[in-house]
Amino acid sequence: MSKRIETKLAQIGNRSEKVTGTVNPPVYFSTAYRHAGIGESTGFDYIRTGNPTRLLVEQAIADLEHGDRGFAFSSGMAAIQTIMALFQSGDELIVSSDLYGGTYRLFEREWRKYGLSFQYDDFTNPAETEKRINDKTKALFIETPTNPLMQEADIKELVAIAKKHEILVIVDNTFYTPVLQTPILDGADIVIHSATKYLGGHNDVLAGLVVTKGQELSEEFFQHQNAIGAVLSPFDSWLLMRGMKTLSLRMRQHQQNAGQVAQFLEEHPDVLDVLYPGKGGMLSFRLQDETWVNAFLKNLKTITFAESLGGIESFITYPATQTHMDIPEDIRIANGVCNRLLRFSVGVEHAEDIIEDLTQAFKAMKGAVTVEQS
Amino acid sequence: MSNHDWSFQTKLLHNESKVDRSTGSVSVPIHHSSTFHQFNIDEFGKYDYARSGNPTREALEQAIAELEGGSRGLAFSSGMAAISTAFLLLSQGDHVLVTEDVYGGTFRIITDVLTRFGIEHTFVDMTDLHQVASEIRPNTKVIYMETPSNPLLKVTDIQGIVNLAKANDCLTFLDNTFLTPELQRPLELGVDVVLHSATKFLAGHSDVLAGLAVVKDPELGDRLYKLQNAFGAVLGVQDAWLVLRGLKTLHVRLQQSQASALKIAEFLSEHPKVEEVYYPGLSFHPGHDTQRYQADGPGAVLSFKLADGDAVRTLVENVQLPVFAVSLGAVESILSYPAKMSHAAMPPAEREKRGISDGLLRLSVGLEKVEDLIKDFDAALEKVPAVKKSENVNV
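Protein chains in written order, with the working numbering: chain A, 828 to 1201; chain B, 3 to 397.
If you are wondering where the hints come from, they were derived from the structure by calculation, not from laboratory data.
Quick caveat, the model's predicted, so the values are computed rather than measured.
Among the clues, some could well be false.
No farther apart than 27 Å at their CA atoms in a straight line, the calculated lysine-lysine pairs in the DSSO-like style are these [unchecked claim]: (1) B:K20 to B:K250; (2) A:K965 to A:K990; (3) A:K940 to A:K965; (4) B:K48 to B:K228; (5) B:K48 to A:K845; (6) A:K845 to B:K20.
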């Protein structure tokens, strides 16, 4: 029986245990598991290889993303690092040009050393993407929507091209989550999450998740997860599951608030433009004047000026000095991540309270700048 | 309960829940679940609601029952929750005999709360069997012991009290916090209810608040369980797991701290600025022989007396290693000032009467190198003004 996503989410870990009937799954801290005899494993041997609590969150994300196997890691970056183990020297990946700074840093500073190369593509024109594919190309690595410019890529069209050239499609689904987007149903091979964001949802757990489609790929990827060992701890697995149970409720509220905030910003004279794809809880906007940015952030009272996103609290991030500081300035600005750009993770507070905070911060920022200039 | 004839040290690590049946897990899982699915409408399972029973809490309850040699263990959210729940076995019109230098928190529950429910009490010197016998009344239902007592480390003859209690048809409660079953197993001596602040040596790391009660008689166990479930002051599952984790090293921790405590007690008893040292491990301690008879060691807590409150202040301000804090039984040494801490709930007059003077300090010896601790005390005592000759007469 295929259940709807709200039901799947609310029931994560329930009925997972037959001995006590526990409704909320236990946290197994055990690092080792006794075997009844030689060759008689319960399925668990050593915590890095498998842990009953981690397994539940891995099964849950596989189910939600319609993949064959899920994997939990100690961070989103640990998940991406492990994915890179699927490749070898000489391979090339075509990746989103407007890429999360941490992923950019990992590719350029670490993997280039091992002979991997990366082409950057905005994935808005599949025909252009196809032209980039050559003998060395092994995968498309897509963030959609992108961070922070909120551009959506057409996963189905990109998958069609990838299949033709027999290369993998990897999608970072952190921003939309399976509530709004299921890339594997569109033909993607691998889905990645920084589960620290919407999946965990409470700004209290660092985690990464990966889902693979296909038995062979799943088995190969498991070998890498176990060998590299950047796995998620039992307690964080439990916290992540706890957060996921309310994902659909939170996402609904995030999206509703983001829609209202986007409309407010669109109409505000101090705002140059608003980048909101109409889905999810993330948007970006540019102020009319770069010199207002610091005063605006300093005057926020309800919204928190912080890095990260996807939590119940509203966060505003300044990509130029935070998420994208590792991307060279000229490349950053050429990509549109200019010094006026702010990224907004709209929380689940009352939308009017968020808008009132923005209104007063806009007012105060201009006063502050005037004083400084006089 | 397991029938293995293992030593205590081994039992700390090998108990009923050493291996999880379904996964083989060697560390007890933490069941946060507040409710439990019933697989069969006709026959409900062992667990239904977390207050009534939880697999993680039960692992701790079974472990302490086995370690104390009891039939049932019960875990509470604090030592006082365990003690308060045990006192609920009493009814209006009942009377309790209580050791006079009882822990201040227990003193408060007995004098402020039990009295409001019509439960009477008398404080006695529990080391004086004659006095105890003469205070027993027809309505005396519980004799409440702490041995060694807090903070004067007075040793009660447990079997002597048990015999008196049995002859007068009353129950005995014993707070075993200071020694733990590693050193003293009161149920084997006939005590009915053993109580613990598991916050102390049992958990041992100053990171969890917990209480335990253990009984041998199954019928009494059922009565106490019903009160635990009804009153509901149960231990949370993460805390139950932390106590279980602490128990695994109880033997090594307590043996190490005890060995250090004896050396520190010897050092202090020879120091000219220390008026008195209270530690059952010292041969001149009045309870030394009884302690040797009924327990496997003197424990890791000692008290000592300086001239006055000013001397205490100087010492406290100059020691560097022990934390100056309430509580005891931790990996780090803890220096406490009973007059203002554990016994602050006791009126000054009552305190003085019990010998808990303004010059008294209690030391719970931790796992630091004993030479470092002695050096630290030596240096701090150096700063304490010399005691006037006239006051230094040892009587």
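Self-check item: Given hint A:K965 paired with A:K940 - CA-CA distance at most 27 Å
Solution: OK: A:K940 and A:K965 at ~18 Å, within 27 Å.
Practice problem: Please work out if B:K20 and B:K250 have their alpha carbons no farther apart than 27 Å. | Solution: It holds: about 11 Å lies between the C-alpha atoms, which stays within 27 Å.
Quiz item: For the pair supplied as a hint, A:K845 and B:K20, is the alpha-carbon distance within the 27 Å limit?
Solution: Roughly 19 Å between the alpha carbons, so the hint for A:K845 and B:K20 holds.
Quiz item: Between A:K965 and A:K990, does the CA-CA distance stay at or below 27 Å?
Solution: holds (11 Å)
Quiz prompt | Given hint B:K228 paired with B:K48 - CA-CA distance at most 27 Å | solution = Given pair B:K48, B:K228 holds - Cα atoms ~15 Å apart, limit 27 Å.
Quiz item: Within 27 Å, alpha carbon to alpha carbon, are B:K48 and A:K845?
Solution: holds (12 Å)
Violated hints: none; the structure is consistent with every hint.
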